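Asks: Given next are the chains, with one letter for each unit.
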Amino acid sequence: MTTQTDNESSRLSDPGQWDLYHFDAVIVGAGGAGLRSALQLAQSEQKVAVVSKVFPTRSHTVAAQGGINAALGNVSDDNWHWHMYDTVKGSDYLGDQDAIEFMCREATEIVRELEHFGVPFSRTDAGKIYQRPFGGQSQDFGASQATRTCAAADRTGHAILHTLYQQNLRAGTTFFNEAFAIDLVKDTTGQIAGLVILDIASGETRLLRARSVVLATGGACQLFETNTNAKINTGDGLSMVLRAGLPLQDMEFWQFHPTGVAGKGMLLSEAARGEGGLLRNGDGKAFMVDYAPNVKDLASRDVVARAIAVEVKEGRGCGLKKDHVLLDLTHLDEEVIKKRLPGIRDIALTFLGLDMCDSPIPVYPTAHYMMGGIPTNFHGQVLTQTAAGEPTPVDGLYAIGECACVSVHGANRLGGNSLLDIVVFGRAAARHLQATLAEHKASDFFDPELELTPVVQRLAHWTQAVQAEKPDANEPSDDDSIAAIRRDLQAVMQRDCGVFRTEQTLSELCDTLNNLQQRLHRVTLQDAGLAFNLERLEAMELENLMTLAFATAHSARARTESRGAHSRMDYPERNDQAWLKHSLYFRQDHALTYKPVNLTPLTVDGFEPKARVY
Amino acid sequence: MQFSIYRYQPQTDAEPFMQTFELDEAQVTDDMMLLGALELLREQDPTLTFRSSCKEGVCGSDGMNVNGQNVLSCITRVRTLKAPVVIRPMPGLPVIRDLVIDMDLFYQQYEAVDPYLQPTQPNQTIDLDHELLQSPEERERLDGSYECILCGCCATSCPSFWWNPDQFHGPAALLAARRFVVDSRDITTRDRLEKLDDVYKTFRCRNIQNCTASCPKGLNPSQAINELKSLMLKKQVD
Numbered sequence: 001m002t003t004q005t006d007n008e009s010s011r012l013s014d015p016g017q018w019d020l021y022h023f024d025a026v027i028v029g030a031g032g033a034g035l036r037s038a039l040q041l042a043q044s045e046q047k048v049a050v051v052s053k054v055f056p057t058r059s060h061t062v063a064a065q066g067g068i069n070a071a072l073g074n075v076s077d078d079n080w081h082w083h084m085y086d087t088v089k090g091s092d093y094l095g096d097q098d099a100i101e102f103m104c105r106e107a108t109e110i111v112r113e114l115e116h117f118g119v120p121f122s123r124t125d126a127g128k129i130y131q132r133p134f135g136g137q138s139q140d141f142g143a144s145q146a147t148r149t150c151a152a153a154d155r156t157g158h159a160i161l162h163t164l165y166q167q168n169l170r171a172g173t174t175f176f177n178e179a180f181a182i183d184l185v186k187d188t189t190g191q192i193a194g195l196v197i198l199d200i201a202s203g204e205t206r207l208l209r210a211r212s213v214v215l216a217t218g219g220a221c222q223l224f225e226t227n228t229n230a231k232i233n234t235g236d237g238l239s240m241v242l243r244a245g246l247p248l249q250d251m252e253f254w255q256f257h258p259t260g261v262a263g264k265g266m267l268l269s270e271a272a273r274g275e276g277g278l279l280r281n282g283d284g285k286a287f288m289v290d291y292a293p294n295v296k297d298l299a300s301r302d303v304v305a306r307a308i309a310v311e312v313k314e315g316r317g318c319g320l321k322k323d324h325v326l327l328d329l330t331h332l333d334e335e336v337i338k339k340r341l342p343g344i345r346d347i348a349l350t351f352l353g354l355d356m357c358d359s360p361i362p363v364y365p366t367a368h369y370m371m372g373g374i375p376t377n378f379h380g381q382v383l384t385q386t387a388a389g390e391p392t393p394v395d396g397l398y399a400i401g402e403c404a405c406v407s408v409h410g411a412n413r414l415g416g417n418s419l420l421d422i423v424v425f426g427r428a429a430a431r432h433l434q435a436t437l438a439e440h441k442a443s444d445f446f447d448p449e450l451e452l453t454p455v456v457q458r459l460a461h462w463t464q465a466v467q468a469e470k471p472d473a474n475e476p477s478d479d480d481s482i483a484a485i486r487r488d489l490q491a492v493m494q495r496d497c498g499v500f501r502t503e504q505t506l507s508e509l510c511d512t513l514n515n516l517q518q519r520l521h522r523v524t525l526q527d528a529g530l531a532f533n534l535e536r537l538e539a540m541e542l543e544n545l546m547t548l549a550f551a552t553a554h555s556a557r558a559r560t561e562s563r564g565a566h567s568r569m570d571y572p573e574r575n576d577q578a579w580l581k582h583s584l585y586f587r588q589d590h591a592l593t594y595k596p597v598n599l600t601p602l603t604v605d606g607f608e609p610k611a612r613v614y
Numbered sequence: 615m616q617f618s619i620y621r622y623q624p625q626t627d628a629e630p631f632m633q634t635f636e637l638d639e640a641q642v643t644d645d646m647m648l649l650g651a652l653e654l655l656r657e658q659d660p661t662l663t664f665r666s667s668c669k670e671g672v673c674g675s676d677g678m679n680v681n682g683q684n685v686l687s688c689i690t691r692v693r694t695l696k697a698p699v700v701i702r703p704m705p706g707l708p709v710i711r712d713l714v715i716d717m718d719l720f721y722q723q724y725e726a727v728d729p730y731l732q733p734t735q736p737n738q739t740i741d742l743d744h745e746l747l748q749s750p751e752e753r754e755r756l757d758g759s760y761e762c763i764l765c766g767c768c769a770t771s772c773p774s775f776w777w778n779p780d781q782f783h784g785p786a787a788l789l790a791a792r793r794f795v796v797d798s799r800d801i802t803t804r805d806r807l808e809k810l811d812d813v814y815k816t817f818r819c820r821n822i823q824n825c826t827a828s829c830p831k832g833l834n835p836s837q838a839i840n841e842l843k844s845l846m847l848k849k850q851v852d
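Respectively, the protein sequence lines represent chains A and B. Counting from 1, one number per residue, gives the positions in the first sequence under this note's numbering. Counting from 615, one number per residue, gives the positions in the second sequence under this note's numbering.
Please keep in mind that the hints were generated in silico from the structure rather than gathered at the bench. Bear in mind the structure is a predicted one, so any value in this text is a computation, not a measurement. A couple of the hints might just be wrong.
Pairs of lysine-lysine, DSSO-like flavour, derived with a Cα cap of 27 Å [claimed, not checked]:
hint: 1; chain 1: A; residue 1: Lys321; chain 2: A; residue 2: Lys285
hint: 2; chain 1: A; residue 1: Lys338; chain 2: A; residue 2: Lys296
hint: 3; chain 1: A; residue 1: Lys264; chain 2: A; residue 2: Lys186
hint: 4; chain 1: B; residue 1: Lys831; chain 2: B; residue 2: Lys849
hint: 5; chain 1: B; residue 1: Lys696; chain 2: B; residue 2: Lys831
hint: 6; chain 1: A; residue 1: Lys264; chain 2: B; residue 2: Lys831
hint: 7; chain 1: A; residue 1: Lys296; chain 2: A; residue 2: Lys264
hint: 8; chain 1: A; residue 1: Lys128; chain 2: A; residue 2: Lys338
hint: 9; chain 1: B; residue 1: Lys843; chain 2: B; residue 2: Lys809
hint: 10; chain 1: B; residue 1: Lys831; chain 2: A; residue 2: Lys338
hint: 11; chain 1: B; residue 1: Lys831; chain 2: A; residue 2: Lys339
hint: 12; chain 1: B; residue 1: Lys843; chain 2: A; residue 2: Lys264
Just chain A, same shape as in the assembly (with noise of 0.2 Å):
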């Protein structure tokens, strides 16, 4: 038996024995951003398919629960520079500023379409689509709230993507479900040219040659141990794109959500606060009037988490631990809470046994969306440096979505607009790929030799790290597994690059990681299956999380100021002259390299970087 199964696994990098196909275009993931690129590629002529490691409905934007940022102006007067000037100062004028008037300008016309794909949101008493107030949004650039987020009750991100993957049945797109991408693949002349995947049901690996690959792979939270990520989310077409040699930018922005459920870390949407919700400490004050006097609750998240900490910190926390503090909504009407909150009702029945109607729920911040990624323009090509450091287009690669860093978000993401980033984006991306394909003829691009060496390495050495016997499963065993350096990671990233870091926490999270990468080297695994191996997948993906935490703790530790949500105790202010740019991370060397802001949009005036105050 043990013979054949080793016969079987060595299939796996066998290129010989992988399944070929052709396609113009790949798009990797099967979220809000892919399913949106894939729908707008679908009524072209081009051959496209997408490859998603879950079936597309399980992507991690059904979990979306606010809304989509757009100014419909449907409830309150609104227009979309004031989202821009929002969102720019948002970003803590890190975000690109082209890129933002883009997205701004798009917004109003994408949630419309949407709209008309079936997306079923909450209506007005006019029948419009309902819009909520969310933090960090204003009307006439900071003077007085605005109502700007688009909302299907508390399920937004799930009405989105199930209304995405009916449009693409209806348009016929192909689908690989449950197929996890393992690397991209150059031919010899250093070209992209397509993707190796590993079909998770059946064990076997597939080649797929493909003239363009957009990656369109989300987040990657499980870095941290409190998250409000799916399992899922552990940055894989980021690490690709570093295993190809390529960049990633701004890795030490990682958002904490201001409202996890505290010590578990699910979500508690922003609506929550944009319906009356209001935080207090443990001596009951609604304490947010103290960091944002204007705004208070719905301030910015990267303010709002920081003071929930600092509360904390200073012993103002809730509980017998002291700490947490409570998210109130008991004043609200009960009405308002069933009918625009239930999804976040009902986390806090099943997780905690509580009634938001009646009883305040405990958080704390949790780990929640990645603001860096893979470099690209508004375009959502995927950028490069040449080596005078100008930033160049890679051909045939695309990012979008959360993997992507456009950079929209730049050191702190406005709630809201990350579901208007895929969606935009992705569309974006689908247009500028459609032009470049119908240049080409396909066929130009199947010819030249491929360069398989690094991947059928890595396929082999997790074919091969295998116990030779298989221990009994009810002795548990000292040997290290996937599970307890995945655990350890976590950990260890929580505590040293959490919401505050310093230069002493970072230095020891490098030497940290350093170990943990040589245990990864050494562990080796039990299941020797070919059917969907669990085991093997997660072996690779904390591979790809392992990358991610190298440029996370290298990019914060040289950036030594504090800006959005990059805290750092010892440098706690935003140093715009020796700051304002962007880091690119590489993961030969660690080398770390810099590029400006765009602070020139497309037809307005630039906003020059200012004091942020909510």
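Guided by the hints, dock chain B onto chain A, whose structure is given.
Replies: Chain B alone, transformed into the frame defined by chain A:
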């Protein structure tokens, strides 16, 4: 605490078997979900295989049959379960490995009901300067069906679906069908009802209501199917 779990690895096992696992009582905290317990068991045996992702009951990955009931492991408290906890794959569909089933037939039935909004004629362009208006009352009719997460707990607990998974749409697909039939923006209501009016597709439903009893999101596919049936009747009288 004891767990008895269905194991099957097609490469090496001639047939499925039940394997006993054990967790220390101290490890089983009051707020622990079954998914948390299964993750601890996977540390004992990394070959134990099941799907999971969001950990909060919204992605629909981790449906499984626990003490005879289809549930999502991530929102089921271990302490509410009687030990030994017997865990099997959801019934009626082929097993790929351990608790992982092949859901293709389930997805095909979903696709078969044209689960997408059709607010315009096929070649009509859509007016992106305006949204389609829908009153709060019209929108409220979608509540209770748009929230489905396609976990399959309903269909795999339905005897009619067990018998005819290739011909009977099953509760999840029919719930989706109802969602588009009642959407005030959809202009194909009549066509949809005509297509559904079939002895197998819809009328294999025998009102057993296992679907409603097993829905982890508290939805009511059974009621939705009855509503479809009465809309068909009404259409005939019209």
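Asks: Against this structure, judge whether each hint is valid.
Replies: Going through the hints against the structure:
A distance of roughly 18 Å separates the Cα atoms of Lys321/A and Lys285/A; the hinted pair therefore holds under the 27 Å criterion. Distance check on the hinted pair: Lys338/A and Lys296/A sit about 24 Å apart at the alpha-carbon level, within 27 Å; holds. Our distance criterion of 27 Å between C-alpha atoms is broken by Lys264/A and Lys186/A, whose separation comes to about 41 Å. This hinted pair does not check out: Lys831/B and Lys849/B have alpha carbons roughly 31 Å apart, beyond 27 Å.
For the suggested pair Lys696/B and Lys831/B, the alpha carbons sit about 22 Å apart, so the restraint of at most 27 Å is met. A C-alpha spacing of about 21 Å is found between Lys264/A and Lys831/B, which places the hinted pair at or below 27 Å, so the restraint holds. In summary, the hint linking Lys296/A to Lys264/A is supported, as the alpha carbons are separated by about 25 Å, within the 27 Å threshold. Restraint check: the Cα-Cα separation between Lys128/A and Lys338/A comes to about 20 Å, which is no more than 27 Å; the hinted pair holds.
Restraint check: the Cα-Cα separation between Lys843/B and Lys809/B comes to about 12 Å, which is no more than 27 Å; the hinted pair holds. For the proposed pair Lys831/B and Lys338/A, the alpha carbon gap of about 15 Å is at most 27 Å, so the pair holds. Simply put, Lys831/B and Lys339/A have alpha-carbon atoms about 16 Å apart, close enough for the 27 Å limit, and the pair holds. The hinted pair formed by Lys843/B and Lys264/A fails the criterion: a straight-line CA distance of about 44 Å is larger than 27 Å.
When held up to the earlier numbered hints, the structure conflicts with 3, 4 and 12 and fits the remainder.
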